[in-house]
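S.K.: Going down the list, the protein sequences come from chains A and B. Throughout the first sequence, residue numbering follows the working numbering, covering 1 to 253 in sequence. Throughout the second sequence, residue numbering follows the working numbering, covering 1 to 202 in sequence.
Since the hints were derived computationally from the structure, they do not count as laboratory data. The reader is advised that the hints may include incorrect statements.
Claimed, not checked - Under the rule of at most 30 Å between Cα atoms (straight-line distance), these lysine-lysine pairs were calculated in the DSSO-like manner: (1) A:Lys67 <-> A:Lys237; (2) B:Lys11 <-> A:Lys124; (3) A:Lys115 <-> B:Lys125; (4) A:Lys159 <-> A:Lys183; (5) A:Lys112 <-> B:Lys201; (6) A:Lys115 <-> B:Lys196; (7) B:Lys46 <-> A:Lys12; (8) A:Lys159 <-> A:Lys17; (9) B:Lys125 <-> A:Lys111; (10) B:Lys46 <-> A:Lys112; (11) B:Lys201 <-> A:Lys111; (12) B:Lys11 <-> A:Lys70; (13) A:Lys180 <-> A:Lys190; (14) B:Lys132 <-> B:Lys196; (15) A:Lys115 <-> B:Lys46; (16) A:Lys17 <-> B:Lys46; (17) B:Lys125 <-> A:Lys159; (18) A:Lys111 <-> B:Lys132; (19) A:Lys70 <-> B:Lys132; (20) A:Lys14 <-> B:Lys46.
Unchecked claim - A short, non-exhaustive set of chain B residues, derived as facing chain A with CB atoms under 8 Å: (21) Glu21; (22) Ile115; (23) Gly116.
Note that beta-carbon positions come from the ideal geometry of N, C-alpha and C, so glycine has one too.
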Amino acid sequence: MDAIVYNNVCKKYKNAKAYAVDHVNANIHEGEFVTILGASGCGKTTLLKMTNRLIESDEGTITVSGKEIKSLDPVELRRHVGYVIQQIGLFPHMTIAQNIEVRLELLHVDKKNYKEIVDGLLRKVALNPDDFRDRYPSQLSGGQQQRVGLARALAGNPKVMLLDEPFGAIDAITRRSMQKELKRLHEENKRTFLLVTHDIDEAFLLGDRVMVMNEGHLLQFDTPETIIDHPADEFVKTLVESSRESSYFYMRG
Amino acid sequence: MWEYLQRRPEKILVPLIEHIELVVITLVISLVIASFLSLLALRFPKLQAVFDRLFTIIYSIPSLALFVLMIPVTGLGQTTAIIVLTLYNQYLLIKNFTTGINEVDPSIVEAAKGIGMDFFQILTKVQIPLAKRSLFAGIRLAVVSTIGIGTIAASINAGGLGTLLFDGLRTMNLNKIYWGVLLSAGLAIVMNGLLKVVENKC
């Protein structure tokens, strides 16, 4: 079964001339790691946010785990889909443990299991629970904060994870190691990951398949290898060529 | 001064108690109404501009004029005073409440929404705790303003510390004036301090 299905999905913002997302069709398989690649304003974040209804689509249908999302309560939908954003958005007045527990509470998890689950999640994102459980977000580095952001999104074991430029605000060195860890995290659990990025290397390194978007259109949706060897059009070709010199590009192969 | 207090304690203590009563009742009613209206303004952002305009106009009416304006409707006395003071407080409270909540970092609110909190959960678990300073600033402002404007309410027979001031002026009784000034200022400082303690406990 497909984890996410986009069927003729469109979005046009008020007062905008063109579609932000223009008739996008795509099937994302269960357990797949898909990255959405495009420049800012190409509609990639809009497409992602329509998936958990932070933005409502205008036309077309989106199906998540076999259910048409418009038929679900948006709050309930978001509780069962992991969501990570670039700004991280940890709650500054709560400890690291409380930041994760808040989501468990929304999912009505039994309170006596909190500690075990929180510790497990922190370990999963390579943070020592004893060191971090009781600290506040402001005492953590950006990279550590985003690990907590990931742990919070993973709470409740969502089948689908949506990540909006999760490493966009993180320094280059930390970003590299976190990308690898994210890949490992995905391989361990085989959840469906959908990650938005404007970084070509990140998109090709992480994605089993890559959606290339421009001006609201989905130009190509294929494996990195196919996109490199057979770019769908001039735009994709230029994009691929612009990253030729990149070391990542070869690391993968 | 002390001698006056010892000779006629009721002349000073009764107005003080009346004043505290006026302030506490006004504050409780103001908070209930302002919380409700702020909630509406947050849920329906278009209302925010409406409330803002309405209560700015009311707030700009001088207090004595508004007291007098209300007399034909609700008569002389404490009720009129409470209504007027509550109206003034709406401006201070709603403005501080809504701006405080709206100023919470949007990415934190988006994260809260993204992990599946509904409107009230975002409000109570995230926005209110993070806007605490601004919320309490509004309440403290309302308290101090109520204590101050409340003295003028004596002119419409609402009692309170204003009676000391007005009577003192009329009869040139300096003792009354001193006590009136001292107690209204003292009350404002004490209430302000108490609210700071409550804020830190929250």
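S.K.: For each hint, tell me whether it holds in the structure or not.
M.R.: Comparing the hints with the structure gives:
1. Simply put, Lys67 of chain A and Lys237 of chain A have alpha-carbon atoms about 36 Å apart, too far for the 30 Å limit, and the pair is violated.
2. With a C-alpha separation of about 71 Å, the suggested pair Lys11 of chain B and Lys124 of chain A falls outside the 30 Å cut-off, and the hint is violated.
3. At roughly 20 Å between alpha-carbon atoms, Lys115 of chain A and Lys125 of chain B fall within 30 Å of each other, so this suggested pair holds.
4. At most 30 Å may separate the alpha-carbon atoms for a hinted pair to count; Lys159 of chain A and Lys183 of chain A meet this at roughly 16 Å.
5. Among the hinted pairs, Lys112 of chain A with Lys201 of chain B is consistent with the structure: their alpha-carbon atoms are about 27 Å apart, no more than 30 Å.
6. For the hint linking Lys115 of chain A to Lys196 of chain B, the alpha-carbon distance of about 34 Å lies beyond 30 Å, and the restraint is violated.
7. Restraint check for Lys46 of chain B and Lys12 of chain A: the C-alpha separation of about 22 Å stays at or below 30 Å, so the hint holds.
8. Between Lys159 of chain A and Lys17 of chain A, the direct Cα distance comes to roughly 36 Å. Violation of the 30 Å bound is thereby established for this hinted pair.
9. With a C-alpha separation of about 17 Å, the suggested pair Lys125 of chain B and Lys111 of chain A falls inside the 30 Å cut-off, and the hint holds.
10. For the suggested pair Lys46 of chain B and Lys112 of chain A, the alpha carbons sit about 43 Å apart, so the restraint of at most 30 Å is broken.
11. Of the pairs offered as hints, the one joining Lys201 of chain B and Lys111 of chain A holds, with about 25 Å between alpha carbons and a cut-off of 30 Å not exceeded.
12. Distance hint between Lys11 of chain B and Lys70 of chain A is unfulfilled; the C-alpha atoms sit about 69 Å from each other, more than 30 Å.
13. Between Lys180 of chain A and Lys190 of chain A the CA atoms are separated by roughly 15 Å; this keeps the pair inside 30 Å, and the hint holds.
14. Of the pairs offered as hints, the one joining Lys132 of chain B and Lys196 of chain B holds, with about 11 Å between alpha carbons and a cut-off of 30 Å not exceeded.
15. Taking the CA atoms of Lys115 of chain A and Lys46 of chain B, the gap is near 43 Å; set against the 30 Å cutoff, the hint is violated.
16. Between Lys17 of chain A and Lys46 of chain B the CA atoms are separated by roughly 25 Å; this keeps the pair inside 30 Å, and the hint holds.
17. Among the hinted pairs, Lys125 of chain B with Lys159 of chain A is consistent with the structure: their alpha-carbon atoms are about 26 Å apart, no more than 30 Å.
18. Annotation: proposed proximity of Lys111 of chain A to Lys132 of chain B holds, straight-line Cα distance about 27 Å (limit 30 Å).
19. In summary, the hint linking Lys70 of chain A to Lys132 of chain B is not supported, as the alpha carbons are separated by about 36 Å, beyond the 30 Å threshold.
20. For the hint pairing Lys14 of chain A with Lys46 of chain B, the CA-to-CA distance comes to about 17 Å; that is within 30 Å, so the pair holds.
21. At its closest, the beta carbon of Glu21 of chain B sits 35 Å from a beta carbon of chain A; the interface hint therefore is violated under the 8 Å criterion.
22. With 8 Å as the threshold, the beta carbon of Ile115 of chain B comes within range of chain A, its nearest partner Cβ sitting at about 5 Å, so the hint holds.
23. Contact between Gly116 of chain B and chain A, as hinted, is supported at the beta carbon level, the nearest pair being about 3 Å apart and thus within 8 Å.
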